[in-house]
Structures are given as C-alpha cells and as structure tokens.
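> With the hints as extra help, turn the sequences into a complete structure.
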Amino acid sequence: MSFQIKEINPSTLQVSFSGRLDMDSVAKMWQPCLLAVTKYHPKQLSLEMKDVDYCDGAGAALIQTLQKQQIDTNGSCSIENLRSDFKNLLANESDQHAKLAAQSLATIKLNFTERLGHIGVNALDDLRDNIIFLGSLAYQLYFVLLRPKKIRWLDFYRTIEEVGPKALPIVALIGFLIGLISTFQAAPSFGQFGAQILMVNLVGLGLVREMGPLLTAVLLAGRTASAFAAEIGTMKINQEINALTTMGLNPIRFLIVPRILATMLITPLLEIFLIIFGLAGCYAVMAALGYSLDAFLNQLYQSIHTADYIGGLIKVFVFGWVIAGVGCLHGLKTSSDAQAVGRSTTQAVVSSIIMLVLVDGIFATLYYFLGI
Amino acid sequence: MSETIPIITVENLTTRYGNKTIFKNVEFSIYPGEIFMITGVSGCGKTTLLNNMIGLLEAYSGSIKIDGDDITSSSENKKLSILRKIGVLYQGSALFGSMSLLKNVSLPLEELTELPPDAISIIAHNKLKMVGLESFCDYMPAEISGGMQKRTAIARAMVLDPKILFLDEPSAGLDPSTSAELDQIIMNLSKTLGITFVIISHDLSSIYNIGQRVIFLHQGEILAEGDPKILQKDKDLTVERFFNRESVS
Chain L
1 MSFQIKEINP
11 STLQVSFSGR
21 LDMDSVAKMW
31 QPCLLAVTKY
41 HPKQLSLEMK
51 DVDYCDGAGA
61 ALIQTLQKQQ
71 IDTNGSCSIE
81 NLRSDFKNLL
91 ANESDQHAKL
101 AAQSLATIKL
111 NFTERLGHIG
121 VNALDDLRDN
131 IIFLGSLAYQ
141 LYFVLLRPKK
151 IRWLDFYRTI
161 EEVGPKALPI
171 VALIGFLIGL
181 ISTFQAAPSF
191 GQFGAQILMV
201 NLVGLGLVRE
211 MGPLLTAVLL
221 AGRTASAFAA
231 EIGTMKINQE
241 INALTTMGLN
251 PIRFLIVPRI
261 LATMLITPLL
271 EIFLIIFGLA
281 GCYAVMAALG
291 YSLDAFLNQL
301 YQSIHTADYI
311 GGLIKVFVFG
321 WVIAGVGCLH
331 GLKTSSDAQA
341 VGRSTTQAVV
351 SSIIMLVLVD
361 GIFATLYYFL
371 GI
Chain V
1 MSETIPIITV
11 ENLTTRYGNK
21 TIFKNVEFSI
31 YPGEIFMITG
41 VSGCGKTTLL
51 NNMIGLLEAY
61 SGSIKIDGDD
71 ITSSSENKKL
81 SILRKIGVLY
91 QGSALFGSMS
101 LLKNVSLPLE
111 ELTELPPDAI
121 SIIAHNKLKM
131 VGLESFCDYM
141 PAEISGGMQK
151 RTAIARAMVL
161 DPKILFLDEP
171 SAGLDPSTSA
181 ELDQIIMNLS
191 KTLGITFVII
201 SHDLSSIYNI
211 GQRVIFLHQG
221 EILAEGDPKI
231 LQKDKDLTVE
241 RFFNRESVS
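Protein sequences, first through last, are from chains L and V. Residue numbers for the first sequence follow the working numbering, beginning at 1 and rising by one. Residue numbers for the second sequence follow the working numbering, beginning at 1 and rising by one.
Among the hints, a few may not be true.
[As the list claims (entries may be wrong)] In the DSBU-like style, the derived pairs of lysine-lysine whose C-alpha atoms are separated by at most 35 angstroms in a straight line are:
(1) L:Lys150 to V:Lys163
(2) L:Lys50 to L:Lys6
(3) L:Lys150 to V:Lys79
Rather than coming from a laboratory, the hints here were simulated on the basis of the structure.
Structural data, given as structure tokens:
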C-alpha cells in the first residue's frame, strides 16, 4: 500500500492510493499522508482510488479525515474511482460519523452558565429528596411508635444481629488497641512530670466523651451504612421497592424503619463495649508500668462523671440514626446502571462520615454551652 | 366487548423525561376481563406507560382512570385504594430474596389485612396452587427457576384478588416452552377469575397466543390498535413489518 502526491495545478492536489487500505497499512501512512496534504493546503483535493484493491473501516476513516481537513480549511475534496462496495462502507462510516458528531454536539451544547444551572437544579433536587426522605422517615417512626405491631420485627432482629454481635470483634479490637496505643504514647511525657496515673484521666475521659462514640460510629459507617446502601440498592435494581410501592406498602416503613431502630438501639451498646476494651488496653499499659487494678479503677472513678457517660451515649444514639439514615437514603437513591450499587455504597460511607463529623461538632458546641 | 364500561381509560396522556417527550396524547381504553397487550420496539415507552398506569411515574399531562378513579390526580390515600385494585408482575419478578415463596405471597395479606395467620396461609397456598407451585412453598426464590419465579410473582400479584393484573414483559428471559406455560396460566386465570390483564410484551408468539387486543406504540404515539392477527396485515408498513417479525427501522 502506498500513496503518491501530484500537484495538478496550483489549486488542485491529487493523492493517488494503491494496494490495500487496511488497518495495518493505514496505521503506517496516516501521519505522513495527513502531513503531506496539510503542507500543500490545496483548494481542491482529489483522492484517486482506482488502484485500491481493498478498503476497510480504517481506510474509510482516513478518507473521511482528509475530507474533514479540507472542509475545515474551506477547501473541497473529491473521491475518484472508488469501487462501489467500498463506497457503501464509506457511506456507513459517514453516517456513523454524522451520528457521532450529532451526539458530541448534543453533549457540548451546554455552555458554562447552563452547566452551572444544571448543577444548581440537581443540588436542589437532591435537597428536596433529602427533605422528603427525612419527613417521611419522621412520620413513619412516629407511626410505628404508636403502632409497634406494624414494625417488621424479623427485620429488626436480623439487623440487630448484623449490626451488633457481628461487629463486636472489630469494635473490641479497635477499642483495645486505641486504649493501649494512646496510653503508651502518653507515658513518656506524663512520666517526665511523675504524673503517669493521670493518663487514666486522659484516656478514660477521651474514650467516654469523644473517641468511643466517634470511633464506634466511624466503624459502623464503614460496615453498616455501606451494607444498608448495598442491600436496599440491590432491592431497588431488582424492582423490589417498586413491588412494595404497588402493593401499597411504604418502603420506608417496611425497609428503613426496622434498620434505623435496630441501629439506634445497638450503637450505644457497641460504644460501651468499645470503651470497656479501650480501658482494658489502657490498664494493660498501666499494669506494665506497675500500677495496681485498684489504683487504676480509683483514678477512673474520680475522673469520669455520670454526665460524661450520658453525654457520650446520647451522642452515639444520634450517630446510629445518622449512619442508618444515610445508608438507607443512598440505597433508595440507587440508579439502575451496573455501577450504581458500588457508587451508592461509597457515597453512603463518605456521606455518613461527613455527617458524623458535622453532628459531632454540633454536640461539642452544645455540650460546651451546657457545661457538660 | 361484552362490557361497555372500560375498567381503564387513558386520555390525552403525555409523558416526558426532562425535555424529551416519550409519548404524546396517548388514548385507549381497556375493558373488564380483557387480555390487553401493549407492544412496540425496544425503547418506545412501553414500560414508561406501565409505570404511569400503576402510579410509579407521574405523567406530564392527561388522565388514567382505573375503575373510575384517576390515578394521576389522586391523593396518596386515594392512590393506595386504587393500588389495592391492581397487581403488578415486574420484568425481573421482584421477589424478596430473604423470604420463602409462601412468605412472599403472604406478605401483602400480612401487611394490608387483619386476617389471622391461618387464613393468610390458606390463601397464599391457594394462590401458589393456582400457578402450580403448591409443593414449593418453603423454597427460597434463589432455589427455583426463572419461570417459577415469574409464577410466584403472579401468585403474589393476585393474592389481594385485584381486578387488574399488569405484567411487564412476563416472558422476558424465559425459554419458549416456559413462556407458553406462563401464557396458559394467564389464559386460565383470565377465564376462571375474570381478571383483566394488561401485558407489556414484544414477544409476538405470546401476543398471538393470548392477546385479545393490542396497541402498537411507535415514536411516541399509538400507531395501531386491534386484534394482533389482523394487524399482521395492516396497511401501515411499520405495523405490518413489526407484526411479521421484520425490521421496522
């Protein structure tokens, strides 16, 4: 396969192709051919195809590119003596090209302001959906509190099992390690002042007021929010949510209320476990430093007050609601494409963690003003 | 039609997704006891029309009266009472994977009625018997074939004794033999219980087997309406080609 360039007159350039115009040969001649034609800038380009034995999609693409190049520079292009069977291919390719061009036009049609508008409208839609979800959820929670028989108790117990006992090993491990590591890290500094016993105050208070609720919630966000989003998202893709709706059953009451109630109930219990194991980790270091269990417990008793426990428990109770709510909301928002469940799961984890930090900030401010 | 008052009346229905009009000013009526099919090429808006009719998707304009009540302008409570008159079979069956077949079928009764558990169990067993699955009550959906899942979903859809059953592509993903079995079940239910069937399908063999009347949706409008066998010889080339399994594009 080769091509030859001949200047017929000052405004007309002829490119004669011969042999096979297939993927292998076109790959080799693509750049040289386009460059050669560009160099001449002809007003009229004539593509002579008399000696072409074979032409495939790649050959057609080369011809189209040369045509387009001419059109872009206000020139013209003619194709001479192309066999009729290859012409069909070119026509199909041209149609395809036209379709693709139309599609790309449709995509680039939006200007910056319009895109900004779309983002704004989508954000408002999201906000509206979230408000509707919160409203429906509040109503359904109120509804089932008045009529406890309407709660799907089987789902409730199953969720308790999933969220609670099955999460216990990881909660215990993280709690123990956090208690042990923070005590261990604080030991040298406190040792310099002979105040190592005060490490119990630091770790104990930190676990009860802040680390316990937040760590439990972050662990559950990774474990539970993602599981809820995936479970409900898959149900949505399988049209199970539609089935519930057309049966006259409210998906929020049916699917989400049991999950939220179970998570709200079990999260404070998990937090208590995390604190116990965290304190055990703290005691392990204190024991290694020569402090007795009595001294450890006595110091703990003096440093932590009931208000600290209750403050932490209220906080983690709300965290449980946030985690389950966000997970379920993203499950319900799952679209129907192949990546949708994965996307919902990721969004559920990210959104829950962001929401947890925000809610934690609100609690910190509130407790500061309340003097807790 | 033996009955003159339609059980479903669709008037001037227009549906849009954003700026795109899916169909415009669509009108048709469905009569009690009829097996009514809605067909058309993929993407013509059949499922969208179904979603409009069962209240899952709001129409842009127009009305859909189901047994005299307009589902497009009803309050939530009214919509619930309309939904009690219908049952829906979804394309993918939409059975709840964590429940046995009996539990799936019992669910609407447990949730929406005050019937005692014994009565619920008997009704659910009977419905499963009607679709030939009485010996599979304790199976989970994952343990049975696609055809059996569809039959279970039909049993669930009719457990509240609806007047109308909407079926979205009932033969999708089924082999011809299972699809024919499903057609037979639909015919039997229509004859014995007098249920009105509205079936979305592009399975021509099924349309010819059981369809008493069909509408053909094409490019946002109803291009033809009538007996499917007669539409095979329709004057309109697109209709004629579609009903003779030829390309309409």
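> Which of the listed hints are broken here?
none
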